[in-house]
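Participant: Just so you know, the protein sequences line up as chains Y and P, in that order.
When the letters of the first sequence are read in order and numbered with our numbering, they come out as residues 10 to 249.
When the letters of the second sequence are read in order and numbered with our numbering, they come out as residues 8 to 261.
Among the hints, erroneous ones may be present.
The calculated lysine-lysine pairs, modelled on DSSO-like cross-linking and capped at a C-alpha distance of 30 Å, are [to be verified]:
id: 1; chain 1: P; residue 1: Lys113; chain 2: Y; residue 2: Lys218
id: 2; chain 1: P; residue 1: Lys116; chain 2: Y; residue 2: Lys100
id: 3; chain 1: Y; residue 1: Lys222; chain 2: P; residue 2: Lys113
id: 4; chain 1: Y; residue 1: Lys218; chain 2: P; residue 2: Lys116
id: 5; chain 1: P; residue 1: Lys72; chain 2: Y; residue 2: Lys51
id: 6; chain 1: P; residue 1: Lys72; chain 2: P; residue 2: Lys113
id: 7; chain 1: P; residue 1: Lys169; chain 2: Y; residue 2: Lys110
id: 8; chain 1: P; residue 1: Lys72; chain 2: Y; residue 2: Lys222
Derived from the structure by calculation, the hints contain no laboratory data.
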Amino acid sequence: MEIFWRTIAYYNNSTWMFQVVIVLTGILLTILLIRKPTQQLKLGMKIYLIGLNIWIAVVYYSIYCRERDFNNVLSVFWGIMALIWIGDAIKGHTTFNRTHKHDFLAYLLMLMPFLYPVASLIRGLSFPEMTSPVMPCSVAVFTIGLLLLFSERVNMFIVLFLCHWSIIAISKTYFFDIPEDFLLASASVPALYLFFKEYFVRDLHKDTKPKAKYINLLLILLCVIIGILLTITLLMALRK
Amino acid sequence: MTNDILLQYTKFIAGYAAHLMGCGIHTSRVIRNTRRIGESLNFDLQISVFQKSMILTMQDKETQKTFSEVVEIPALPISFEHNSELSALSWEAVDKRLPFDVLNDKYTKIISAPRIDPLFVLLLVGFANASFCKLFGGDWMSMVIVFSATIAGFFVRMQMLKKHINHYIIFIVSSFTASLLASTSLIFDITSDIAIATSVLYLIPGVPLINGVIDIVEGHTLTGISRLTNAFLLIVCVAIGLSITLLLVHDRLL
């Protein structure tokens with residue numbers, strides 16, 4: 010756990026200026042994309058996300074988290090996410106068109122990366138040994154929010170990787186004493202439910218077994234189970 | 008009985024037999040069921056089964072007229088439901104002496120019944136693999152990670168199948184995806200070795216392996232060896248995918 014926070018401090022100390030640039034670029038691109046979603050801007054956002062994922066894979070995990078065991082696993086994980094975004098940019102799968110269905114949750118998720126450092130400060134941490142907006146979980150929660158805001162057609166491979174990352178976040182809260190990750194885990198459960206539901210809703214016109222409403226109930230049940238798991242982990246972490 | 012009707016019957020029975028073979032039923036059962044259907048329509052049947060096709064020769068018991076049909080075995084998803092319902096249909100046909108039209112209608116109804124929802128399959132496969140993880144001694148956290156990794160791997164498989172990509176490549180990529188995601192368990196102090204090993208179990212071709220052995224034991228050596236060879240190649244593909252992950256995250260295979 011000491012190594013975990015030491016590497017974070019090392020990363021924040023060395024890259025805070027780059028992080029500011031990355032955050033400002035993200036804010037600018039998001040605002041422009043919401044206001045005037047042109048094809049160039051959509052491509053620009055994808056390129057930004059490719060860069061962001063490469064940053065996490067190379068700069069965060071390969072360079073600054075070198076001390077941690079199996080840092081290469083997570084580096085490969087984020088590298089593959091970057092590859093999926095490259096594929097998406099070439100094929101144009103994610104349309105970045107808005108549906109206005111889940112705006113509230115989407116905006117909330119996109120604000121989460123800024124709540125991360127606030128949560129760290131509230132629990133008594135100080136710079137540089139604290140969470141920042143350009144860290145894996147913050148990037149994951151921002152991406153989920155962005156995809157939810159522009160959810161007309163999303164890349165489910167990315168959603169599944171982010172879903173997996175959220176599950177890891179639940180474990181991280183317990184193993185690495187990083188309760189900030191509850192933000193990602195708790196916020197992403199309803200988002201992931203919506204992604205799955207909407208993706209598979211397209212097939213609902215087809216007659217399948219069991220009926221669509223039961224599948225939906227199963228999905229809700231699964232999310233409730235994850236929610237309960239999350240609460241138990243939170244209670245265990247608080248008891249510590 | 009006119010030649011046209013005889014030809015129609017032959018084609019129906021050939022389609023029935025090919026469908027049974029395609030959806031993963033062992034050869035002797037296919038032959039038994041098909042002969043039963045033939046008997047219900049007053050035919051004697053001789054069947055030769057090969058890896059990709061089958062030859063049926065039907066003889067009308069009354070007129071002694073003979074018809075032969077060569078039919079390709081389609082690549083269908085494994086279906087225990089079709090297996091049981093089409094077998095039951097063959098018994099019903101012979102017990103109740105079902106007229107051809109009724110038989111044909113029932114057959115069409117069975118094979119065009121609604122598919123199991125892909126999301127339902129996805130979730131159940133995830134639960135099944137997580138259960139495997141528990142059975143092999145994995146802890147709860149490993150189970151959750153295996154569940155998520157399996158869902159991702161299986162989703163990749165579903166998408167690639169939709170695009171009709173070569174199934175050996177599908178197995179390699181799916182195995183790599185599931186094992187890579189499961190390897191994220193390495194960062195925690197949990198049973199990560201069990202998580203990685205069990206994350207690819209959903210890809211093991213159990214039905215062809217069992218059918219292959221049954222076929223060889225029952226004397227259908229040709230189809231048995233063919234099924235076992237296919238299953239073996241798929242297992243090699245799973246191993247390749249898993250090996251890529253291990254080389255990436257471990258720098259070695261074991």
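Participant: Now tell me, hint by hint, if it's right for this structure.
Facilitator: How the hints compare with the structure:
1. Lys113(P) x Lys218(Y): Distance of about 19 Å is within 30 Å: holds.
2. Lys116(P) x Lys100(Y): violated, 39 Å
3. Lys222(Y) x Lys113(P): holds, 28 Å
4. Lys218(Y) x Lys116(P): holds, 15 Å
5. Lys72(P) x Lys51(Y): violated, 69 Å
6. Lys72(P) x Lys113(P): Since the Cα atoms of Lys72(P) and Lys113(P) sit roughly 27 Å apart, the hinted pair holds (cutoff 30 Å).
7. Lys169(P) x Lys110(Y): Holds, at roughly 28 Å.
8. Lys72(P) x Lys222(Y): With a Cα-Cα distance of about 53 Å, the restraint between Lys72(P) and Lys222(Y) is violated, given a limit of 30 Å.
The structure does not agree with the numbered hints 2, 5, 8 stated previously, though it agrees with the rest.
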